[in-house]
Structure formats: structure tokens, C-alpha cells
Amino acid sequence: MSLAKYHDKVKENDTVILYLGYDNMHAIKIKKGSVFQTRYGALRHNDIIGTTYGSRVHCPKGYLYILYPTPELWTSNLPHRTQILYTTDISVVSFQLDLKPGAVVVESGTGSASLSHSIIRSILPDGHLYTFEFHKERAQKAEEEFKDHGLSDYVTVTHKDVCQFGFDLEDVADAVFLDLPVPWDAIPSAKKALKKQGGRICSFSPCIEQVQKSCACFAELGFEEISTKECLVRNFDVRTINLPNPEFFSRDKTKSQPQKKGSRFDRDDMDAYSEETAENSAQCDIVESSDTKENTTSEVLDTPAWDYIGRKTAANFSFKAGISLGRMPGHTGYLTFATLYPL
Amino acid sequence: MATSSEPMCVDERKTSNVTIKEGDQAILKKGKTVRIFQIRKNRDIWLDKIKFSLDGAVGHYYGSTFVVKNGHMHKVQKTFKEAEVLGPEKGTDNRDLHDLDSNQKLSREDIEKMKKEGAKGQEIIEQLIENSTTFKGKTEYAQEKWVKKKKQKHVAEFTVLKPNTRLMCQMYHEKSPAKILNIRMDTLAQILTYGNVHAFTNVAVVDTCSGLVVGAVLERLGGYGKVFHFHPGERPVRPIVDNLNFPQEFLDNLYNFPFCEINSLKSEEGKSDDVIDNSHGDSVPSEGDSLSDTTVKQCTDSNTETNTGGESTESQDKDNTDPVARKRKAEMSTREANKILYSKRLSEAKELLLKRNIDCLIIASKFNPTPLVTTLIEYVAPSRPIVVYSQYKEAVMDAYAYLREIGCLVNYRVSETWLREYQILPMRTHPEIQMSAGGGYLLTATTIVKEQK
Numbered sequence: 001m002s003l004a005k006y007h008d009k010v011k012e013n014d015t016v017i018l019y020l021g022y023d024n025m026h027a028i029k030i031k032k033g034s035v036f037q038t039r040y041g042a043l044r045h046n047d048i049i050g051t052t053y054g055s056r057v058h059c060p061k062g063y064l065y066i067l068y069p070t071p072e073l074w075t076s077n078l079p080h081r082t083q084i085l086y087t088t089d090i091s092v093v094s095f096q097l098d099l100k101p102g103a104v105v106v107e108s109g110t111g112s113a114s115l116s117h118s119i120i121r122s123i124l125p126d127g128h129l130y131t132f133e134f135h136k137e138r139a140q141k142a143e144e145e146f147k148d149h150g151l152s153d154y155v156t157v158t159h160k161d162v163c164q165f166g167f168d169l170e171d172v173a174d175a176v177f178l179d180l181p182v183p184w185d186a187i188p189s190a191k192k193a194l195k196k197q198g199g200r201i202c203s204f205s206p207c208i209e210q211v212q213k214s215c216a217c218f219a220e221l222g223f224e225e226i227s228t229k230e231c232l233v234r235n236f237d238v239r240t241i242n243l244p245n246p247e248f249f250s251r252d253k254t255k256s257q258p259q260k261k262g263s264r265f266d267r268d269d270m271d272a273y274s275e276e277t278a279e280n281s282a283q284c285d286i287v288e289s290s291d292t293k294e295n296t297t298s299e300v301l302d303t304p305a306w307d308y309i310g311r312k313t314a315a316n317f318s319f320k321a322g323i324s325l326g327r328m329p330g331h332t333g334y335l336t337f338a339t340l341y342p343l
Numbered sequence: 001m002a003t004s005s006e007p008m009c010v011d012e013r014k015t016s017n018v019t020i021k022e023g024d025q026a027i028l029k030k031g032k033t034v035r036i037f038q039i040r041k042n043r044d045i046w047l048d049k050i051k052f053s054l055d056g057a058v059g060h061y062y063g064s065t066f067v068v069k070n071g072h073m074h075k076v077q078k079t080f081k082e083a084e085v086l087g088p089e090k091g092t093d094n095r096d097l098h099d100l101d102s103n104q105k106l107s108r109e110d111i112e113k114m115k116k117e118g119a120k121g122q123e124i125i126e127q128l129i130e131n132s133t134t135f136k137g138k139t140e141y142a143q144e145k146w147v148k149k150k151k152q153k154h155v156a157e158f159t160v161l162k163p164n165t166r167l168m169c170q171m172y173h174e175k176s177p178a179k180i181l182n183i184r185m186d187t188l189a190q191i192l193t194y195g196n197v198h199a200f201t202n203v204a205v206v207d208t209c210s211g212l213v214v215g216a217v218l219e220r221l222g223g224y225g226k227v228f229h230f231h232p233g234e235r236p237v238r239p240i241v242d243n244l245n246f247p248q249e250f251l252d253n254l255y256n257f258p259f260c261e262i263n264s265l266k267s268e269e270g271k272s273d274d275v276i277d278n279s280h281g282d283s284v285p286s287e288g289d290s291l292s293d294t295t296v297k298q299c300t301d302s303n304t305e306t307n308t309g310g311e312s313t314e315s316q317d318k319d320n321t322d323p324v325a326r327k328r329k330a331e332m333s334t335r336e337a338n339k340i341l342y343s344k345r346l347s348e349a350k351e352l353l354l355k356r357n358i359d360c361l362i363i364a365s366k367f368n369p370t371p372l373v374t375t376l377i378e379y380v381a382p383s384r385p386i387v388v389y390s391q392y393k394e395a396v397m398d399a400y401a402y403l404r405e406i407g408c409l410v411n412y413r414v415s416e417t418w419l420r421e422y423q424i425l426p427m428r429t430h431p432e433i434q435m436s437a438g439g440g441y442l443l444t445a446t447t448i449v450k451e452q453k
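Respectively, the protein sequence lines represent chains A and B.
Take the first sequence: its position 152, counted from the start at 1, is 152 in UniProt numbering, and no numbers get skipped.
Take the second sequence: its position 352, counted from the start at 1, is 352 in UniProt numbering, and no numbers get skipped.
The hints are simulated quantities; they were obtained by calculation from the structure and are not laboratory data.
Take the hints with a grain of salt, since some may be wrong.
Label pairs and their calculated CB-CB ranges [what the hints assert, rightly or not]:
| hint | chain 1 | residue 1 | chain 2 | residue 2 | range |
| --- | --- | --- | --- | --- | --- |
| 1 | A | Pro244 | B | Arg428 | 50 to 58 Å |
| 2 | A | Pro246 | B | Gly438 | 27 to 35 Å |
| 3 | A | Pro244 | B | Lys366 | 33 to 41 Å |
| 4 | B | Glu249 | A | Val300 | 55 to 63 Å |
| 5 | B | Lys366 | A | Ala321 | 38 to 46 Å |
| 6 | B | Asn70 | A | Ile208 | 22 to 30 Å |
| 7 | B | Asn70 | A | Ala216 | 32 to 40 Å |
| 8 | B | Asn70 | A | Pro342 | 24 to 32 Å |
Part of the chain B face toward chain A, derived, beta carbon under 7 Å [said to hold, decoys possible]:
| hint | residue |
| --- | --- |
| 9 | Gln122 |
| 10 | His154 |
| 11 | Ala156 |
| 12 | Asp359 |
| 13 | Arg420 |
| 14 | Glu432 |
Coverage of chain B stretches by chain A, computed from C-beta distances (three or more under 8 Å per stretch; other residues unrestricted) [as the list claims (entries may be wrong)]:
| hint | stretch |
| --- | --- |
| 15 | 43-55 |
| 16 | 63-76 |
This structure is a prediction, so every number in the text was calculated from the model and none was measured.
Each residue gets a CB set at the ideal place from its N, CA and C atoms; glycine is no exception.
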């Protein structure tokens, strides 16, 4: 099996992604006879072998989908040995380092190999990744994973502390990526590893003090176009919102009041949301709830063209919105990029 | 596990790409000014009010820095650093500094004279410092900032860079963002990554952003895998793909697919490909493709432009003699040949699409994405990513709603990314004063095997 090239059917020893629903996925390695317990019951590996990727597979209490492991799906589901880089940052790094087939990349530290998988995907078949990790077990685990995923040809894992001993590479790399606590200790050796015709470098650091020292080091060593960025992702939940129109009169208490369905009108003003349309399980086929229980007329009002943004009745204004509730990632790390030009 | 490694064998084909050659598209970068030119000998260009020829660049590495002297480019070592021209004298704050034109004793004419006499950039700056009454009173930081500004203005040094997706995206985003539908670099980065665009994948792209996305995809494919460019009109408009200077092998894998052929594709199921109605083969060589002199490297599909600038002036010859008639006849047979080629490529594209094994569908266009994605999704293999870009969240949400109704996807995500840049200097570190207000919105999802109902 290979992350390098898509193939159609699940084979033994493949790593597959089980998709159970929104925010509910697992990566498993297929082994004949094995069983994986899910919230929908037992999933027998034998039942998956031979199926087409993308198929629905039934379990006693429900179903799930078998997805092909792209590096993105792997990043979301891999076993963490360290804090990892997520796809948002990985995308920017890949783009800013000009990764493409044939590129030679040097990386340290390998960590949980989240970024490593992405890099390899982008530079194969004629590129190569030299990745360095100072923790022995993590280096071994990474090597095993690359082998499992059919990527060994494109990567060399080295167990080494590059801050102490350097990369021991010269004039080979198109790009270098550093995710180290003390990157300036490795930058001189990184410069040497870059090709004489020039290349790109990136240092990822969570703390601004590290960034300051790294930038000073880049400048001192003759790197140019030193630039520090951060990239944050904001996800949206797509829902139909119903905002009730307020009543500017008081209801006559002797008349019987129509019962208002649902609790949404009684909730806090802040929470005037209808049933959400977010996909929260694979079983949920409801697209959206536009079933509002108006208590006066439900006729759509004849509104002028400039007023069109949703549906208006006497009681409600409803529209589709992309909502960001609660929290979002506020910081992952600073990405500092620089170019080394030829002399 | 390796404990040390040997350097990779460097592929000759790849090293040859790093020196500046005649005919190349090259980016000239001077500070913030970034312009793209084609390297042609004995032809002057203008950059930042200076006129010069590009001959001096040929043969040097990309990334080299040059200075202009007497209309010619000369390679120089790296430019001097601000710190090198600062003296020991500095002030503590600006309480006594007044901003007056008379602070600088050198006039504009003086400076121009120095430049004409061939004074080096560093010398000019040093003279400006000498003749400034306020310089020594500035703080060290203010001095650095001042020198940096003067360098930008008076030192005519620039770097020659090989165009790539990153630089083209940057250039267009700064200068004409509307032409690339405001796609910011981090958004484009997400598109490529979430689309799992890599060697050996077949990618269908709807692109009306000057070819930025098609170009980016071609770059990530590295010649392995096919790209289907869906576009409005008869011919695609993608100047960025031209600027990126891909080798012919890459372009041979790029198929054009006009929107007007989509319906015939849908009705094509199982039909023979021999006779495909091609009422649009009448493509007159148009200037739609930029830089008509890049006839050598054209996408096979766009290879209808055989007339260069030179020929068109000849045809203005008033003499109605045989040569002219012969030329007209030659032009017509070229048009015929192009019609046949166009038709052949189109049916090839249809045949490939009908295999329904597209590995990635990307929509990045000014059109309503919903009909595009709901129509083209059936040609995508199961368990493959799709990415829909729009400048407008509403359009992305609409596509999301329709796709959910169809039920052929899982793992939906509607998102945007924020990008913030920082100024990193000792004791002067802070986010940049201005930042991008928006880079567009994405819908990403994964296809599944459509259940037979």
C-alpha cells in the first residue's frame, strides 16, 4: 500500500481511514482476522479487505466509510508522539518552500512525522527527504511508518542531534525545515546543506523569542527575504438561522395563546439558533431544518430586491449562515521563511 | 536507519533549469517592485524608471543580484547591510528633531550626478548621511530605518528570479488581485494540500484566475499526471501558466475543456469518439495567449498560434502577388491542421474524463460554483478530495448545501484562513501594521462510492 499512489481496493497491511462522522475518524492497519470496535459495533477487517476505497461498510448498529489515507487524513488521525504540525501550517510550509517533484528536502526534528508524510507526497517520485530525529524510538517509529506506507524509497531517517552534530550534508537540499527548540544551533549546518544554487528555509517556533533569535541568525548568515508569518484556520458551521421578529405590542391575556413549538424562542437571546444543520453523524441524513413554527402568517413577505438576503415572513427572518462558535485555534507557531541566494 | 548520508545525484535536467537562459521568463525584483519579463537579447526594458538590456543576465544563476550601468546589467555581490554605514554617533529620542526639507544638503540633481558618474550604492548612502543635519541625532533604530528607505530609493540593485507559483501568486496578489480572484498564498496552499495534488494524480480544475491554479497544479504534478482545465469561452486565458515556463512534457498533459463541451460530455456515455461535432474548431489564432513569441512552448491544445509578429507585418504587403496568395493558402491549411488537432485533443480529454477516475476536483472561478461542482463531481473517483474556492462565503455554503443533498461526499469542511505577517527586529518586534482582510473561502470534502438507490 502506498500513500504515494492511489489504488482502488483495500489490501491487507493497508492503513485505512475509517470515517464514522463529523470529527469521528480512526486510522487502522488492516490485518486478516482482526476486529476493530466502533460505536456501531464490531468491524471485522476481513469484511473490508477487497472493498473499494470510499465504500460504505455496515456494522451491527450502523455504517461507516473506508477512506484512502491521504497525508491530510493521516495527520488528523496519526498517533501523536509529539505535538504535531496540522494541515493549515503544513500547506503554507509546502507552498513557501516551493516543494514539487524532484525537490530534495532536509528536516529536523521528525517528531511524529506528520509534516514528513506531506513533504514526501509533494516531492516524489524523484525527490528525497532527509529527516533527522534525536529521539531513538521516535526515529525508529517514523521509519516503520514510512515503510508501512510505501514511502521508504523517498526518505532517509537519521537518528542524530543536528544541533550538536550538524546535518553532515553539503550542497544537496532545495529546502530545509526546522522545528527545533534551539534552531539557531542548526541554521549554520542547514545553510551548508542547501544547494550552492540557492534554496529556501523555514523555521517553525512557538515562541517569539525563538523567532527573534532565529531571524538574527538568518540575517547574520546572509539569508535574505526573511519573513515571519502565522496562519490560522477558521471553520464554519453551515446552518439555517431563524431570527424571530420581536413583537411591539402586548398580547391580550384573555385570548388563548398559540403554543410555540420548540425551545428556541424561550432560550436566551444570545442563542436564537434553529436546529443545526451541521453533519454530526454519518447516520444523520437531515440536511437542514427550515421548518419554522410561525405563530402568525407564514407567507413570505414581498420585499424589495435590495432587501434580499434570506426569507422573510411576518414572524421570522431566516437565512443560511456560516457560523463560528466558541473557540478557534489562536496560535500554533510562527513560520519564518528565508531564501539563500547563490553567491 | 542511516547514520550519515551521501549527497543525492543531481539530475542534469534539473540543474540546467537554474541558470538564466535567453527565452526564459524571468522575474526582476527590486525591493517591493516585482515585474516579469522575457529574456531577449538586444531588447531594452524599463524597470523603476531605468532603461536597460537583459543580456547581462544570461548565463548567471537565478537569484543573482545585478546593478545597471550604462544600460547594461552587471552582476554584483550581495548588497551592503544597513549596519555597515552607521557610525558610532546616535541620539536617544526625537524630541529635538524637526522634519524639514533643508535637513538634507544634497539636492536631487547632486544625487543624479553621482549616479551618472558611477558612484556605488553604498557611497551614495554615505554621502546622504554626511549631508544630513539630523542623521546623527536619530536613534540607532531610526537610522537603520532611514538608511533602508534611502537604499530602496537610490540603489538600483535587483535580483533575477525564476518564476514559480509562489512568486507569481505574490506578484498578482500585490498588483492585480482581481485577476486571481483574490486568492491569497495561504489559500492556494490549502487548495493544493487538501486536494492532495501530487505526481501521478489526474486533476480537474475549473480556473478563471489567469491560470494561477492550473499553474500551481502543474508545478505540483511535475509532469506526472494529467490536468483538465475547464474554462469559459473557446480558449483558456492563463497567462500565469505561460509565465511559469513549463517544459513541453508538462504542457502535453494539460487538456483544455471549454464549458460549452460539458453537455456533450454528459451525453457521451459509451458513444464512439470518432465523430465528435466540433463546431468550435474554427479557432482563429488569437492574441488570447499572452506573449505570442513563446511559440516554442505552447500547450499542445493552444498550438494554433503559428503566426508571429513578423509574419503579420509581411501580410500587410499591398502587392497582391503570388507570395501573398501562397501565404494565405498556407495559413488556411495551418488552420485546418489546427482544427483537427483541437478536435483530437478534445476527444482525448472526453475519453479520459469518462473513465471517471479524476483524483481531485478543484473549482476556483468567478462562476457560481454549485452547478460546476454538482456536474463535474461524477467524474471523480471515490475517496478523493474536492476543493471549492470562492471569494464569497455564501457561494461556498450554497455548494455545500447542494452537495449534501446529493449525498456523494463526506468529511465536509467550510473554512477560511487568516494570514498575519510580523516585523521581527530586536526591541521592535510586532505584527505588521497592515494585514490582508480576506483570502477567500474553501469547501473541502471527500467523495464516496455513491450508493445505488
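Results for each hint:
{"no.": "1", "hint": "A:Pro244 - B:Arg428: 50 to 58 Å", "result": "52 Å, holds"}
{"no.": "2", "hint": "A:Pro246 - B:Gly438: 27 to 35 Å", "result": "32 Å, holds"}
{"no.": "3", "hint": "A:Pro244 - B:Lys366: 33 to 41 Å", "result": "36 Å, holds"}
{"no.": "4", "hint": "B:Glu249 - A:Val300: 55 to 63 Å", "result": "57 Å, holds"}
{"no.": "5", "hint": "B:Lys366 - A:Ala321: 38 to 46 Å", "result": "23 Å, violated"}
{"no.": "6", "hint": "B:Asn70 - A:Ile208: 22 to 30 Å", "result": "47 Å, violated"}
{"no.": "7", "hint": "B:Asn70 - A:Ala216: 32 to 40 Å", "result": "38 Å, holds"}
{"no.": "8", "hint": "B:Asn70 - A:Pro342: 24 to 32 Å", "result": "25 Å, holds"}
{"no.": "9", "hint": "Gln122", "result": "17 Å, violated"}
{"no.": "10", "hint": "His154", "result": "19 Å, violated"}
{"no.": "11", "hint": "Ala156", "result": "17 Å, violated"}
{"no.": "12", "hint": "Asp359", "result": "6 Å, holds"}
{"no.": "13", "hint": "Arg420", "result": "5 Å, holds"}
{"no.": "14", "hint": "Glu432", "result": "10 Å, violated"}
{"no.": "15", "hint": "43-55", "result": "violated (count 0)"}
{"no.": "16", "hint": "63-76", "result": "holds (count 3)"}
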